[in-house]
Amino acid sequence: MAELRALVAVKRVIDFAVKIRVKPDKTGVVTDGVKHSMNPFCEIAVEEAVRLKEKKLVKEVIAVSCGPSQCQETLRTALAMGADRGIHVEVPAAEAERLGPLQVARVLAKLAEKEKVGLVLLGKQAIDDDCNQTGQMTAGFLDWPQGTFASQLTLEGDKVKVEREVDGGLETVRLKMPAVVTADLRLNEPRKPRRRRSRCSRPGTWAWT
Amino acid sequence: MTANMLVPLAKLSCPAYQCFHALKIKKNYLPLCATRWTSTSVVPRITTHYTIYPRDKDKRWEGVSMERFAEEADVVIVGAGPAGLSAAVRLKQLAAQHEKDIRVCLVEKASQIGAHTLSGACLDPRAFEELFPDWKEKGAPLNTPVTEDRFAILTQKYRIPVPILPGLPMNNHGNYIVRLGHLVSWMGEQAEALGVEVYPGYAAAEVLFHEDGSIKGIATNDVGIQKDGAPKTTFERGLELHAKVTVFAEGCHGHLAKQLYKKFDLRANCEPQTYGIGLKELWLIDEKKWKPGRVDHTVGWPLDRHTYGGSFLYHLNEGEPLVALGFVVGLDYQNPYLSPFREFQRWKHHPSIQPTLEGGKRIAYGARALNEGGFQSIPKLTFPGGLLIGCSPGFMNVPKIKGSHTAMKSGVLAAESIFNQLTNENLQSKTIGLQVTEYEDNLKKSWLWKELYSVRNIRPSCHGFLGLYGGMIYTGIFYWIFRGMEPWTLKHKGADSDQLKPAKDCTPIEYPKPDGQISFDLLSSVALSGTNHEHDQPAHLTLKDDSVPVNRNLAIYDGPEQRFCPAGVYEFVPLEQGDGFRLQINAQNCVHCKTCDIKDPSQNINWVVPEGGGGPAYNGM
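Chains as they are written, first to last, in the UniProt record's numbering: chain A, 1 to 209; chain C, 1 to 621.
Extracted from the complex, chain C is given alone in its bound form (with noise of 0.2 angstroms):
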């Protein structure tokens, strides 16, 4: 199509399309087949990635030999995190316990386990203790309990205590401020320890089907694949790993995942997930200031009441004066000129919170989407072959900000379930992969269960007139009073991709320079984060079509995913020739977040995994 198609294009998109957003109807079709009538040849082609283009239709790749080597396991674990290693870690307990052999393997794409690892964290030690209940003499890295718990509300000057009594959500009494990538590397260790065999620097890039649709198990990547898609002399197929059961815990937003709701429609009877973003930076500061064990969250300041997001700050004692603070911001937010890293740096020069940073250095840097989903957003957790657990399906208790302990109870639950059904002898499958129902039923039955419902109403108490002061009343009321036994159950505002308010219609926010002292500019922080990926690959950030960045996410919202993505991945630069502009991917940068998938208003980004061993190289986040 020729560049006089874009101009009635223009002309119509506009008025239009706010009268079809208005309405409701077909938001995301209409312009996207518009869209398509102007793509190839006007806008320069960004994704190559072979799930977009197959290969079997690209003439590249024609004689290239596609044969997989295959090996076989009992159980196959995607993602080393704390629900895949605790599941593996219990599974290889109970067989030992019951001198059966059962061979689990174990597959992360990270280079070493806990590289890819972020969190606060402050963890609730419950489900960690039913699983090592000796892990203060196996010498588990929980050397920060909890002393101190402070709450506070900031204006853009002054800091408000909140007081926090006991049986709030937020109380850490009993917990520990831990470091979760130490404690997961840790958990590791364990594993091997114990038999399982984990495979750092193996992604799982496909999901296998056995002919009567249940999960065969899993492939790694292909290796030796060109930027371009086309396939390098060192080309070489991954590897595939059945098992009788496949456990797919690959933390929030998994790629995987994603295919497997809708494969097996597993979110039919659960609301969408809804999402956060937190960042995080890991701080050496003065040794007067530093204060170990203290817990520190705040809200307000610098978001408005109607956009979710705090921060926390905990002093760790690990023998060095270290705190980790960060920022999360809820992915609902309307304002598509926010940008949570700068909220994040400018949240640092607060009175209340700059004196504590200053002589400080900054070490490590970090960001990840979590789930703020909850109760309402739990999907079917079973299918024909396998099972989600973790912050995957999403257990996340959003206002006690804690998601591990769950992940964790959800890891052994589940591996006492699979035992019991590999173990039973009269064993009848109606399929050749294992479907686990015995799992979901635990799950609905345990403490973990009660906790989330009893939290459930929390969250979407936030979107009321009073925004987030509605939501801490309500909590005062219903969840510190009644310890959320209310008969109803508030419905979040739908998908986190569907709120976003055309750019016109919002005041861009300005943001203060950074200091380079305190604050910090995007490119320095990526580069903190060690974060790398073979340079000569197809970009992993896909778009299912490559005009819809520049005409609609451009054009309507100021193209939000150069603020939101945390990384500096996207990036808006002008064309060589001509006016307008194109979206320029810098897919090295990225550090596995998962945010541009979820927020993305055209849901055109389709994040799929890169070539194992690449992605951020984080140090006990």
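Next up, chain A with everything else stripped away, as it sits in the complex (with noise of 0.2 angstroms):
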């Protein structure tokens, strides 16, 4: 549909190839200079996003990341993969590290319905706590169908087909859209971001908190 806009979630965690440390006081891991990426599962689901604005199929892709003033990294990444623009919420550092699941899933409801966006893709867990909560919890707030563990994902008109990856193999749902779906490994391969940094025409960023 040429209407229908993406909300893509993305999360910014400590980078896979890191060896992850505990604090000497046990209260969590060192992340203090630490290498960080986005996730690797929330990388999936922008480059799904962005294939599909580039068929034609969704009209604009907005990007949005909860967490300290460093996610902004994190959406300077999605948008040079394609995303059209990016919502930074910000949550002080301190509070950071209590943000779980429920609340960015409340954040990514009421964010979903201001900007009237017809799917929200999300990654299907994020590598530093494994929740695999968020994308669900979202759809529950919105009282929306969800397609998770997607492995393959496809448009047709108001309805979007699903095939999931659970443990007895492949399922396919047919959801009617306003949908939330939660990416899978195996849904595509990320390309990387775009290497040009224009700074005339950067589509805007902005806080909200």
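Source of the hints: derived by calculation from the structure; they are not laboratory data.
Treat the hints with care, since some could be wrong.
What the hints assert, rightly or not - Subject to a maximum C-alpha distance of 25 angstroms in a straight line, what follows is the list of computed DSS-like cross-link-like pairs (lysine-lysine): (1) LYS26(A) - LYS289(C); (2) LYS262(C) - LYS380(C); (3) LYS289(C) - LYS23(A); (4) LYS544(C) - LYS501(C); (5) LYS53(A) - LYS116(A); (6) LYS513(C) - LYS19(A); (7) LYS288(C) - LYS26(A); (8) LYS258(C) - LYS493(C); (9) LYS361(C) - LYS23(A); (10) LYS227(C) - LYS192(A); (11) LYS291(C) - LYS23(A); (12) LYS288(C) - LYS23(A); (13) LYS361(C) - LYS26(A); (14) LYS232(C) - LYS192(A); (15) LYS56(A) - LYS232(C); (16) LYS291(C) - LYS157(C); (17) LYS192(A) - LYS53(A); (18) LYS291(C) - LYS26(A).
Put the two chains together into one complex; each comes in its own frame, and the hints tell you how they fit.
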């Protein structure tokens, strides 16, 4: 549908290749100065949204990230991959540690309604907490259908056909949009962010608290 | 060529090669020419990079658009280490002071500033204070002033302390123990605040030239090439950055600098650069053993007197009981069975070192090559359109084991000279790219030059019969008493890659097995460096000739690359069919130390930059 807009949630996590170290006071892991990058499943979700846009099935791709100011880097990566707009939901660093799927799902639900999107795309889980809850909770708050662990996504008119990877094999569901879809590993292979740093027409990012 | 060509060649190469080696006639050319006869069909293909197999001759690249976008800047700096960042900051400071507008772009291959920085480090704050006089107020991470300085010679069981008298080069009074990665990160923030455009994650892959041969700028790496060299659907060309002056601050043995030395013949009047490899670990130790501010250096065991090298152990004072320790081995070592990594692990078991580490936890590991050539190996520093700063030409003060302060000073001097040229309204340049000869003249008049001149003979004095101890005696007499004013300048032995003796003339070294508490194996260490690369890209460790590793390096030197690489990149694995070995390059492990490019006895390995963002993920190393 040419009028369809997609919201993609991206999370900034510690890079997967870095060895995690527990803080000496055992209150968490060391994050200062450690290399962070976009959650790999979120990259797959962004890639899927951008591909839909390139096929002209989606009009606009909006990336959103919740967290401290460094999340802007993750949003810039999403923009460089092809998203049109980025929304940074600013959470002070001290409180960011307590940010979990429930809070993020509430934010995403509110944003999805505010931006009037038809499709919310997320990674199936984040590699730092492995919660696998945000997508499902967002669908719950919005009371929208959900297609999780998607390994194939096809838009058919006002419905979206999702092939899901489940324990028993593959399951295909057809969801009436608006819907929430979470991306699994085999959905696509993400592109590298575009190298061109065009300073003239970079779409806006703004903070929303 | 067929397999029966191999047999007569093997018979020819060994004794014939020894003859030629002894006579030092075309040592490198003859075996390479010979092995080319047997290369392609028998040897599995290893190298697929486009620098060896150009894409304009490759059918798979037909019809792929190779257009690149270009951006114009006034100055482009390659490398965000201490030198590159000092140059960037100084340029912007001068621009603000004189109310001029200069666009400075800084490209760095690491994903974030400081992620590829590794050093001891004991910083002489002289150059840093010139650049940031108010560093304390700004919160620069110089948290550990040196309080105690110790030096010792180790034997297998004992430790012989050597007094450090004031005036000796390793006297550290007034210096700071720093985590250079954090300092570089801080400098990066200062640079951004001043308006420098910092681009981490962008590797400079190619130097661009004007028609008149002067430097036009650099191009960043292409992305989306498969491991076999074919383009992916996501292929994209890099970005071109054009500048009036390009500053090359790639650090020790930079790959673009290597091309520039050849193109502009910058090394015509200097000796070849000699190097060392430095391996480093960070440990959290037992608080009772922690002595913040203590600097410990040793020489001797486990190296013999003819192998230059030694260790360092610095106690940091940053809240937790952290020590930075490491080992340096001069890359002019002769025994191909030597493994710098395993010497480092072995050294930690010495009775005077092990107690400090017992009960502690290792949290980081890394390695990098460093310069040891000093004064005699400084090349010509400027050329049309560009100049070299920092450890790339090599300003390390070897006996002091410090190069960061001289790197910063060279960056500052370069910035000042570039600024003068750029703002000179009556500038007349013979070439489109500006040649900033003022930089080299100012460098020769500065304290940097005097410092390097006064210590120039210390490292070469270790080549005598008494080896390292001869060097120490020389330092005591000629540096401590005469302050380096002797009228002669000793020469180095030659290029490091020529120093290896054939394996049959050397005894293999029996290294102890790592115990997992104090010493560790290679792969778990590499995992701690956080290094990773996009796996589906051509290996960035390119071989000019794929057959040389097995036919020459393995045959004559027993494959030293499997020993000197601190990341386990090179492995000789048995062939799947038949007898013999092949070289396997695990490019993903690479920690960008450049040792292979330096020490390969056949000089067949050419390190080029992988896709930006890959490489180690050091945190405050």
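Subject >> Structure versus earlier hints, numbers of those that do not hold, lowest first >> reply: none
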